[in-house]
Amino acid sequence: MTQAQLARSSDPLLAVRDVNVVFGGIVALAGVSFDMHQGQILGLIGPNGAGKTTLFNCLSRLYQPSAGDILMEGRSILSRPPHRIAEIGIGRTFQNVALFPNLSVLDNVRVGTHARTSSDIISDSLRLAWVRRSESAVNTKVQEILAYLDLESVAHRTVSGLPFGTQKRVELARALAADPKILLLDEPAGGLNHEEVYVLGDLIRRIRDDRKITVLLVEHHMGLVMSIADHVVALNFGRKLAEGTPAQVQADPDVIKAYLGSKDQ
Amino acid sequence: MELFTNQVLAGIATGAIYACMALAVVMIYQAIDHLNFAQGEMAMFSTFVSWQLMQWGVPYWGAFVLTLAFSFAGGIVIERVLFKPLAKAPILTQVAGFIALFSIINSCAGLIWDFTIKQYPTPFGSTPFLGSQLISTHQAGMIGITVLLLIGLYVFFQYTRIGLAMRAAASVPESARLVGINTSWMIALGWGMAAAIGSIAGMLIAPVVFLEPNMMGGVLIYGFAAAVLGGLTSPFGAVLGGFLVGIFENLAGTYIPHVGNEMKLPIALALIITVLVVKPAGLFGRNIVKRV
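Which chain is which? The protein sequence lines are A and B, in order. Going by the numbering used here, the first residue of the first sequence is number 1, and it counts up by one from there. Going by the numbering used here, the first residue of the second sequence is number 266, and it counts up by one from there.
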């Protein structure tokens with residue numbers, strides 16, 4: 001069995017069930033459902049305003065759906081506060097990068113481990129033995145991730161002065177530091193040149209294979225989505241338009257119409 | 266020359282207090298984007314608590330540590346009870362909240378301990394420091410404790426997990442939540458630490474200005490001046506601002522004619538206005554650029 005077949009035979013890792021989001025009178029998402037399986041790279045596509053980012057923000061608990069449910073390993077995430085999403089294994093990056101601009105690369109990645117470590121202010125201040133042990137484990141892991149993403153040379157630089165492409169890698173490193181089961185990538189190719197996009201596609205596949213992380217990819221760059229995704233979901237005006245393999249979705253008449261328009265319009 | 270050195274050293278000593286107040290102001294500013302007008306009154310109340318403990322027979326350092334713990338807890342309680350519900354309220358509502366807190370604490374202190382001026386002890390004594398006429402042991406103690414506090418805070422924020430989480434939460438709260446930081450508690454912790462730092466300032470300055478409910482008024486204005494001078498977004502700048510304001514205050518009082526003790530406070534206010542006009546971000550602050 002191939003990896004994709006293996007994945008489909010098990011229960012979904014993440015299930016989106018009839019999610020509705022309404023802003024005032026505007027319906028941003030209407031009854032969107034799909035499943036994500038362990039080890040998949042799922043591409044979420046759609047024209048501007050289709051509801052991709054809205055769905056993303058529901059998954060990371062920045063928005064509350066007005067109806068429907070989102071299940072992670074069979075349990076609803078909708079009753080969790082945003083700061084308790086990282087601990088169940090959901091990590092994300094942002095379209096415009098939301099790093100801590102005045103912290104160093106090292107600290108940005110270090111803070112990513114927050115959900116996987118525990119301590120209180122008293123033990124922290126007194127630097128008790130167990131705090132020091134957990135800190136050295138954190139440092140080993142952070143160094144490993146920095147090496148993995150080729151960020152060692154800028155580790156002590158402040159993030160705000162780095163090129164956009166590097167900042168995107170730092171944000172990816174911060175997300176990986178939390179040991180996510182699912183990584184949500186919001187337009188990772190945005191602002192990158194042709195060569196960088198190619199390298200990025202390779203990197204996303206490597207992350208999935210080396211670290212067994214399931215990836216949900218929102219992307220405008222069709223070349224990237226079609227080359228690395230196992231499964232594609234297309235949205236338009238808040239509704240699911242089509243779902244299937246990249247080839248199936250690319251050939252779907254509704255998808256073509258949404259992107260290019262049709263003669264009788 | 267000796268007068269000059271003397272004034273500079275005395276300036277550094279009072280500057281240490283302004284640095285503590287400025288640091289407390291900046292900590293809360295970083296957490297909630299507003300100045301806490303009641304910071305001085307919180308410090309004053311803490312100082313009264315330590316005085317009361319000493320009246321009951323607790324030795325100085327015991328009272329010092331107990332007061333730190335009391336102030337830390339008190340800061341957290343004030344945030345949870347008063348400012349967490351106001352977190353999303355308009356700015357003027359919050360300002361009204363700070364002013365209410367100011368008068369409530371001030372009046373409570375007057376009610377419990379009345380408005381008469383009290384002596385407050387110093388653990389360092391007021392003999393000349395190391396036989397030198399330039400600085401007293403109490404002034405040296407003020408500088409020493411402030412420096413220890415600053416080193417401790419630096420280590421805490423730079424090297425501990427919670428310190429890093431607090432910096433992250435102050436920087437971009439949305440991202441901080443996504444990596445699993447409970448930003449609401451980080452704000453409460455910031456209040457607790459600011460209250461504790463303020464109480465140190467109160468206990469160190471009380472032997473100089475004497476203990477009474479309005480003792481921190483002038484000190485807080487200097488603390489604001491220091492924070493504005495250094496930059497409200499920079500703890501390091503606030504501390505340096507504190508020392509600079511302390512030195513400036515003393516030198517102006519000594520060398521500029523007609524600036525006696527009465528004119529020292531207007532100088533602090535003039536400094537605030539000058540900095541805001543000339544360099545609003547302060548010496549070390551970041552210019553905050555908002556996307557529109």
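It is worth saying that the hints were derived from the structure and are not from the lab. Don't take every hint at face value.
What the hints assert, rightly or not - Per the computed footprint, the stretches of chain A lying under chain B, defined by three or more beta-carbons under 8 Å from a beta-carbon of chain B, are: (1) 103 to 111; (2) 119 to 131.
What the hints assert, rightly or not - So the derived list for chain A, only partly shown, Cβ under 8 Å to chain B, looks like this: (3) Ala86; (4) Gly89; (5) Arg92; (6) Arg174; (7) Asp179; (8) Gly190; (9) Ala258; (10) Gly261.
In this text, a Cβ means the ideal position worked out from N, Cα and C, and glycines have one as well.
Hint-by-hint comparison with the structure:
1. 103 to 111: As far as the region 103 to 111 of chain A goes, the hint holds, because 4 residues have Cβ atoms under 8 Å from chain B.
2. 119 to 131: holds (count 7)
3. Ala86: holds (4 Å)
4. Gly89: violated (11 Å)
5. Arg92: Holds - the Cβ of Arg92(A) comes within 8 Å of chain B, reaching about 6 Å at its closest.
6. Arg174: holds (7 Å)
7. Asp179: violated (11 Å)
8. Gly190: Violated, about 16 Å.
9. Ala258: violated (30 Å)
10. Gly261: Not OK, violated: Gly261(A) not within 8 Å of chain B, min 32 Å.
Hints 4, 7, 8, 9 and 10 from the list above are not met by this structure, while the remaining hints are.
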